[in-house]
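Visitor: If you want the building blocks of each chain, they are given just below.
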Amino acid sequence: DTGVSQNPRHKITKRGQNVTFRCDPISEHNRLYWYRQTLGQGPEFLTYFQNEAQLEKSRLLSDRFSAERPKGSFSTLEIQRTEQGDSAMYLCASIPEVGSEQYFGPGTRLTVT
Amino acid sequence: AQSVTQLDSQVPVFEEAPVELRCNYSSSVSVYLFWYVQYPNQGLQLLLKYLSGSTLVKGINGFEAEFNKSQTSFHLRKPSVHISDTAEYFCAVSETGGYQKVTFGTGTKLQVIP
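Chains A and B are the protein sequences, given in the same order.
Going by the numbering used here, the residue at position 68 of the first sequence is 460; the numbering climbs one at a time, nothing skipped.
Going by the numbering used here, the residue at position 15 of the second sequence is 31; the numbering climbs one at a time, nothing skipped.
Just so you know, the hints here were simulated from the structure itself, not pulled from any lab data.
Among the clues, some could well be false.
Claimed, not checked - Pairwise CB distance ranges (calculated):
| # | chain 1 | residue 1 | chain 2 | residue 2 | range |
| --- | --- | --- | --- | --- | --- |
| 1 | A | 409 | B | 77 | 21 to 29 Å |
| 2 | B | 57 | A | 505 | 31 to 39 Å |
| 3 | B | 32 | A | 409 | 25 to 33 Å |
| 4 | B | 31 | A | 454 | 41 to 49 Å |
| 5 | B | 95 | A | 466 | 38 to 46 Å |
Each residue gets a CB set at the ideal place from its N, CA and C atoms; glycine is no exception.
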């Protein structure tokens, strides 16, 4: 069990560019979550996958954001036409079953210049 | 819907002194409760959790918390803090059913003073 991994750890991009982040959950964890954490705030829920199905999306997830989880394994989060307000830490978490705590990855810190 | 309130944004405390970080929550359904710790530029590490059973929960690094349903609180305590406890602490809740997405408080920065 190597834990939840996220890549890249840091990403600096210019406004208007597209970025994609990857999350590899703990193997056999069928539930996967994305959160966004801005400076001085707690993480906020973005979206939830059960296996490959995206079952819930927050209103924070504008149409510039898209997430996928093909084959129910790793997940990607893409942000198109990045804006400075997208600068944040993007966290991924997974759980093996109902009634368990979420296991968080180290996060991807995005800076939009 | 659920919400979490952490009343103290920063808590300074001297090394070896006791500390309590306060957390209150609001929810119309039954919840699971968590405390996570975050060190600079790192992800979240679980300190302890309340899922069911005893309302006094012990976690890692000598921390404990008590679930008080009538006061909707889940305060975190440690009898004697160390410099290494300097970090940001987040209280969090999730519904026991549904998708179990987690709602976090705004965090409390614990600063341990030598």
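Visitor: Against each hint, give a clear statement of whether it holds in the structure.
Guide: Quick rundown of the hints versus the structure:
1. 409/A x 77/B: 21 to 29 Å: Given range 21 to 29 Å: violated, Cβ gap about 41 Å.
2. 57/B x 505/A: 31 to 39 Å: violated (18 Å)
3. 32/B x 409/A: 25 to 33 Å: violated (49 Å)
4. 31/B x 454/A: 41 to 49 Å: At roughly 45 Å between Cβ atoms, residue 454/A and residue 31/B fall inside 41 to 49 Å, so the hint holds.
5. 95/B x 466/A: 38 to 46 Å: Given a distance of about 42 Å, which is inside 38 to 46 Å, the answer is holds.
The structure fails hints 1, 2, 3 (numbered hints given earlier, in ascending order).
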